[in-house]
Amino acid sequence: MDKYSQPKLEFNSVYHIYNCGINGCNLFIDDEDYERFLSRYETYIEPIADTYAWSLLGNHFHLVVRIKKENEIKSLVESHLLEVRTKMRTSEKKPDPTKQFSHLFNAYAQYFNNKYHRHGSLFERPFKRNLIDNLLYFKRCLIYVHQNPVKHGFVKNIDDYRYTSYNSVLSDKVTHLKRDIVLSVFESRSNFELEHLKLNSLEETLEDDSVINRCQSPSDC
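All letters in the sequence shown, in the order written, are residues 9 to 229 by this note's numbering.
These are calculated hints, taken from the structure and not from any lab test.
In this text, all values refer to a predicted model and were calculated from it rather than measured experimentally.
Quick reminder that beta carbons are idealized off the backbone N, C-alpha and C, glycines included.
Just so you know, not all the hints are guaranteed correct.
[To be verified] List time: in silico DMTMM-like cross-link candidates among lysine to aspartate or glutamate, alpha-carbon distance up to 25 Å:
#  : residue 1 : residue 2
1  : K206      : D188
2  : K147      : D58
3  : K102      : E18
4  : K136      : E78
5  : K123      : E43
6  : K181      : D39
7  : K82       : D104
8  : K164      : E100
9  : K76       : E50
10 : K206      : D180
11 : K164      : E54
12 : K164      : D58
13 : K76       : E18
14 : K159      : E203
15 : K136      : E18
16 : K123      : E50
17 : K206      : D141
18 : K147      : D39
19 : K181      : E40
20 : K123      : E40
21 : K136      : E43
22 : K82       : E100
23 : K206      : E195
[Stated by the list, open to error] Derived Cβ-Cβ restraints for the label pairs, each shown as a range:
#  : residue 1 : residue 2 : range
24 : D141      : L178      : 24 to 30 Å
25 : K159      : S47       : 25 to 31 Å
26 : L144      : R197      : 18 to 24 Å
27 : L202      : E18       : 29 to 35 Å
28 : S129      : G161      : 23 to 29 Å
29 : V193      : S110      : 27 to 33 Å
30 : L139      : S192      : 16 to 22 Å
31 : D188      : D141      : 17 to 23 Å
Please model the entire structure based on the sequences and the hints provided.
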């Protein structure tokens, strides 16, 4: 595997997944863009993964997800991810998690390019993924993802930013986010808030990666 390759996503494994616009260009320009990405995410990713945290920030994004066990994932037909003409040939086939993320990015890029009259690739390739293999790293990733809007200067207060899962964790509203698992890591809502407000993880970066280094602040395509 060369330095640009990324491992295939494995079933029943937790990952920090992140990427940015090609050459640091914007992925999200107005509210509709953020909402469209989340809508596409619901279509392509929720059938194959549990989500613990997410953050969308102008020209990049972060996700913390668990790829479901293979027996937890419905077939392509059951997940409504197939066109009618292909259903008979692949009635029992299940979606490939890595390909589902590619489908998400391709579908969103098509929307974005049509809206802003651009063409070509929108996302850096391949998208980045780091295996989370212990509880401490998992907790650090959750904090890091939620603190990103403060780190990059979008807001001063962590709860003022709309496009992360931070407020969903604290809310009682219905959510697809695995809120109970996230809160169990911090033991309570109050501890969750306190750990995030410390902002201590801003002193360190979880990833030493050239892609994220190019995506430190919003820019234009």
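Here's how the hints hold up against the structure:
1. K206 - D188: 22 Å, holds
2. K147 - D58: 16 Å, holds
3. K102 - E18: 14 Å, holds
4. K136 - E78: Given pair K136, E78 holds - Cα atoms ~22 Å apart, limit 25 Å.
5. K123 - E43: With Cα atoms ~14 Å apart, K123 and E43 stay inside 25 Å; holds.
6. K181 - D39: 21 Å, holds
7. K82 - D104: Between K82 and D104 the Cα gap is close to 11 Å, so the pair holds against 25 Å.
8. K164 - E100: 49 Å, violated
9. K76 - E50: Roughly 15 Å between the alpha carbons, so the hint for K76 and E50 holds.
10. K206 - D180: The hint holds at about 23 Å.
11. K164 - E54: 31 Å, violated
12. K164 - D58: 29 Å, violated
13. K76 - E18: 9 Å, holds
14. K159 - E203: This hinted pair holds, its Cα atoms lying about 15 Å apart.
15. K136 - E18: 14 Å, holds
16. K123 - E50: Since the Cα atoms of K123 and E50 sit roughly 21 Å apart, the hinted pair holds (cutoff 25 Å).
17. K206 - D141: 24 Å, holds
18. K147 - D39: 29 Å, violated
19. K181 - E40: Holds - the C-alpha atoms of E40 and K181 are around 22 Å apart, at most 25 Å.
20. K123 - E40: 11 Å, holds
21. K136 - E43: 22 Å, holds
22. K82 - E100: 9 Å, holds
23. K206 - E195: It holds: about 16 Å lies between the C-alpha atoms, which stays within 25 Å.
24. D141 - L178: 24 to 30 Å: Taking Cβ atoms as reference, D141 and L178 lie about 27 Å apart, which means the hint holds.
25. K159 - S47: 25 to 31 Å: Between K159 and S47, where Cβ atoms are some 26 Å apart, the hint holds.
26. L144 - R197: 18 to 24 Å: 20 Å, holds
27. L202 - E18: 29 to 35 Å: 33 Å, holds
28. S129 - G161: 23 to 29 Å: 27 Å, holds
29. V193 - S110: 27 to 33 Å: At roughly 29 Å between Cβ atoms, S110 and V193 fall inside 27 to 33 Å, so the hint holds.
30. L139 - S192: 16 to 22 Å: 21 Å, holds
31. D188 - D141: 17 to 23 Å: Distance hint for D188, D141 holds at roughly 21 Å.
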